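Participant: On the provided structure of chain A, position chain B with the ligands as indicated by the hints.
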Amino acid sequence: MSKDILVIGGGIAGMQSSLDLADMGIKVHLIEKLPSIGGKMAQLDKTFPTNDCAI
Amino acid sequence: MLDVGRHPNIELLAYSEVEKVEGEAGDFKVTVRRKARYVEEDRCTGCGACAEKCPTAVPDAFNEGLGDRSAIYSYFAQGIPSTHTIDPDHCRQLNGKKCGICAKTCQAEAINFEQEDRIIELDIGAIIIAAGYDIFDPSLIPEYRYREIANVVTAIEFERLLSASGPTEGHMDRPSDRAVEAEIEALEKKAKKSQKALDKLEKKFDEPSAAFYGKYQAGEYKGDEDRKKWADKYTSHVKIVDPLEELKKKAEGFTVAKRLAFIQCVGSRDFRFYPFCSGYCCMHSIKEAIIAQEHELETHSTIFGMDIRAIGKGFEEYKIRGGNNSNIIYVRGRVAEITEGPNHNPVVTYEDTRERKVKNQEFDMVVLATACAPIKGIDTLAKTVGVELDKYNFIKTGSLSPVDTTTPGIFVCGCAESPMDVPESVAQASSAAGRAAEIAFQSELEKEKAVA
Ligand SMILES: Cc1cc2nc3c(=O)[nH]c(=O)nc-3n(C[C@H](O)[C@H](O)[C@H](O)COP(=O)(O)OP(=O)(O)OC[C@H]3O[C@@H](n4cnc5c(N)ncnc54)[C@H](O)[C@@H]3O)c2cc1C
Ligand code: SF4
Ligand code: SF4
Chain A
3 MSKDILVIGG GIAGMQSSLD LADMGIKVHL IEKLPSIGGK MAQLDKTFPT
53 NDCAI
Chain B
311 MLDVGRHPNI ELLAYSEVEK VEGEAGDFKV TVRRKARYVE EDRCTGCGAC
361 AEKCPTAVPD AFNEGLGDRS AIYSYFAQGI PSTHTIDPDH CRQLNGKKCG
411 ICAKTCQAEA INFEQEDRII ELDIGAIIIA AGYDIFDPSL IPEYRYREIA
461 NVVTAIEFER LLSASGPTEG HMDRPSDRAV EAEIEALEKK AKKSQKALDK
511 LEKKFDEPSA AFYGKYQAGE YKGDEDRKKW ADKYTSHVKI VDPLEELKKK
561 AEGFTVAKRL AFIQCVGSRD FRFYPFCSGY CCMHSIKEAI IAQEHELETH
611 STIFGMDIRA IGKGFEEYKI RGGNNSNIIY VRGRVAEITE GPNHNPVVTY
661 EDTRERKVKN QEFDMVVLAT ACAPIKGIDT LAKTVGVELD KYNFIKTGSL
711 SPVDTTTPGI FVCGCAESPM DVPESVAQAS SAAGRAAEIA FQSELEKEKA
761 VA
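Here the protein sequences come in this chain order: A and B.
Start counting the first sequence at 3; every next residue gets the next number (this note's numbering).
Start counting the second sequence at 311; every next residue gets the next number (this note's numbering).
Because the hints were derived from the structure by calculation, they are not lab data.
Fair warning: there could be bad hints in the mix.
[What the hints assert, rightly or not] Quick list of in silico lysine to aspartate or glutamate cross-link-like pairs, EDC-like style, CA-CA up to 20 Å:
1. A/K35 <-> B/E351
2. A/K48 <-> B/E626
3. A/K29 <-> B/E756
4. A/K42 <-> B/D378
5. A/K29 <-> B/D433
6. A/K29 <-> B/E334
7. B/K759 <-> B/E748
8. B/K506 <-> B/E517
9. A/K35 <-> B/D399
10. A/K48 <-> B/E627
11. A/K35 <-> B/E374
12. A/K48 <-> B/E734
13. B/K506 <-> B/E555
14. A/K35 <-> B/E758
15. A/K42 <-> B/D444
16. A/K35 <-> B/D427
17. A/K29 <-> B/D337
18. A/K48 <-> B/E374
19. A/K42 <-> B/D427
20. A/K42 <-> B/D399
21. B/K559 <-> B/E498
22. B/K701 <-> B/D444
23. A/K48 <-> B/E606
24. A/K35 <-> B/E327
25. A/K29 <-> B/E758
26. A/K35 <-> B/D444
27. A/K29 <-> B/D313
[Said to hold, decoys possible] Listed next, the stretches of chain B that the computed footprint assigns to chain A, with coverage defined by at least 3 CB atoms under 8 Å from CB atoms of chain A:
28. 373-387
29. 441-449
30. 550-560
31. 584-596
32. 718-732
Here the structure is a predicted model, which is why all the values come from computation and not from measurement.
Virtual Cβ for every residue (Gly too), placed ideally from N, Cα, C.
For reference, chain A alone in the conformation it holds in the complex (with noise of 0.2 Å):
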């Protein structure tokens, strides 16, 4: 068995680091101070410069 990551903030950057983990195998704790996870990503209504839907 590897060893635990824990990643602290559940915004995009924390969200994208907990998947590239839990992908390679290694068991991820994410931490997020807030009732969910999303960060400011999840405030925007799209994202540039393509307009894609923030979530």
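Facilitator: Structure of chain B with the ligands alone, referenced to chain A:
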């Protein structure tokens, strides 16, 4: 987001904070506080029945205070986990008053007012800090009169106004108009109540209130206590209805904001606050202006900036497209002041550096492109985790090791490191994941060596 919630290798600890970190790379002991939600996570189905019935309204942080939520709430509709949370600062029951309506409503019996914080311990190989950033508070710049002029908003507030799931369902309703509409709603409620009381009296005395009041004033009912009460009720009713009608007339003239100003570098590239460029704000102003024009074709936007920084892949083309197709004008100049003109219209005073002239221009709404500020509490977090900060309070890294903190085994990514946009945050996140994985697998190799 969904993938994160569902991944078998990810334990999601939301509504939690790191309390203590001990040890070193490959062998950290981490203490985590799981804050009490007063809702059992494994029972709550996220149906929202409780929130619908909860009588307590609290400004909704997800909507930047542009709407309300209940004291029991989910942070946002699609939030993961969907478990609801009771806000201990505002819940009546948790503040010694009688309520408990949510508990009675919840079919899953998930509400638990006795729930307490839980402390858990984790064995960790490496840590990634991805705590993000804060919106710079533009009220620190008095000449922009944010909070004083209702129709001066921040870019993140504007994102919520643009959002179909936001407080205006994507309409560019002006905050000054929304305040009037809220007043109308409150007055209508009051008027309905006082009308009910009048209805009863009119039935009792078999006479319309207005007709009665005429006679009362002429002195017809001297000494009649019941009729005096009726007269008082009637005058206070008129005091509600008259301004209500006036406001309603005013509201008929409301239209969505169509003349928009975007002000760049609010708190960034400003030696009073942050000398750095926040990197993403030129682009989000262009984006917001493009989307606003998609929502309302007559929208015209002016973006005021020292220069427009469009240096990512496809960004310059996006900027030009905005100018050609979305009625955006780019003005080179720094805004000196915002004042309030007639009809709550913000008036922007700026120097047009091309014409070398100071000009005033009136808009329906002004959007402030605020700086990327270090997140509140980052100093405590840095101390707890054991890493150094740079002079602005972002996590300190080296120029050739942009995801390594000052402590081995602890990495950083996203805006906790420095201002950056989403594509850059994602790239740094993968990079930090790679660095952390080295440690995770190293300890695996060492264990294998030890066994052999
Ligand atoms: C108005 C506006 C519009 C934007 N539009 C775009 C756009 O269109 N395209 C684009 O590429 N970029 C855009 N950006 C930039 C974008 O928001 C950032 O690049 C991105 O959100 C950074 O993600 P992050 O994960 O680093 O930080 P965040 O999104 O801030 O996430 C950090 C998370 O960590 C949590 N956290 C904080 N402290 C702690 C703690 N102590 N313990 C546990 N958790 C903690 C926070 O609650 C949060 O959930 C925009 C920015 C603004 C202000
Ligand atoms: S007990 Fe608190 S959360 Fe529940 S309905 Fe009453 S005020 Fe709302
Ligand atoms: S990205 Fe644009 S608005 Fe933001 S700080 Fe840099 S120059 Fe100013």
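Participant: Confirm or reject each hint.
Facilitator: Each hint tested on the structure:
1. A/K35 <-> B/E351: holds, 16 Å
2. A/K48 <-> B/E626: Status holds; Cα separation ~18 Å.
3. A/K29 <-> B/E756: Holds, at roughly 18 Å.
4. A/K42 <-> B/D378: It holds: about 19 Å lies between the C-alpha atoms, which stays within 20 Å.
5. A/K29 <-> B/D433: Holds, because 11 Å separates the two Cα atoms, which is no more than 20 Å.
6. A/K29 <-> B/E334: Holds - the C-alpha atoms of B/E334 and A/K29 are around 18 Å apart, at most 20 Å.
7. B/K759 <-> B/E748: holds, 16 Å
8. B/K506 <-> B/E517: OK: B/K506 and B/E517 at ~15 Å, within 20 Å.
9. A/K35 <-> B/D399: holds, 16 Å
10. A/K48 <-> B/E627: Distance ~17 Å between A/K48 and B/E627 Cα, so the pair holds.
11. A/K35 <-> B/E374: Answer holds: A/K35 to B/E374 is near 17 Å, not above 20 Å.
12. A/K48 <-> B/E734: holds, 17 Å
13. B/K506 <-> B/E555: holds, 18 Å
14. A/K35 <-> B/E758: violated, 36 Å
15. A/K42 <-> B/D444: holds, 9 Å
16. A/K35 <-> B/D427: Status holds; Cα separation ~13 Å.
17. A/K29 <-> B/D337: Holds, at about 15 Å.
18. A/K48 <-> B/E374: holds, 17 Å
19. A/K42 <-> B/D427: violated, 26 Å
20. A/K42 <-> B/D399: Violated - the C-alpha atoms of B/D399 and A/K42 are around 23 Å apart, more than 20 Å.
21. B/K559 <-> B/E498: holds, 14 Å
22. B/K701 <-> B/D444: Holds, at roughly 16 Å.
23. A/K48 <-> B/E606: holds, 16 Å
24. A/K35 <-> B/E327: holds, 6 Å
25. A/K29 <-> B/E758: Cα-Cα ~18 Å, so holds.
26. A/K35 <-> B/D444: Holds. A/K35 to B/D444 sits at ~14 Å (cutoff 20 Å).
27. A/K29 <-> B/D313: holds, 15 Å
28. 373-387: holds (count 5)
29. 441-449: Coverage by chain A holds for the region 441-449 of chain B (3 residues, Cβ < 8 Å).
30. 550-560: violated (count 0)
31. 584-596: Since 3 is at least three, the answer is holds.
32. 718-732: holds (count 6)
The structure fails hints 14, 19, 20, 30 (numbered hints given earlier, in ascending order).
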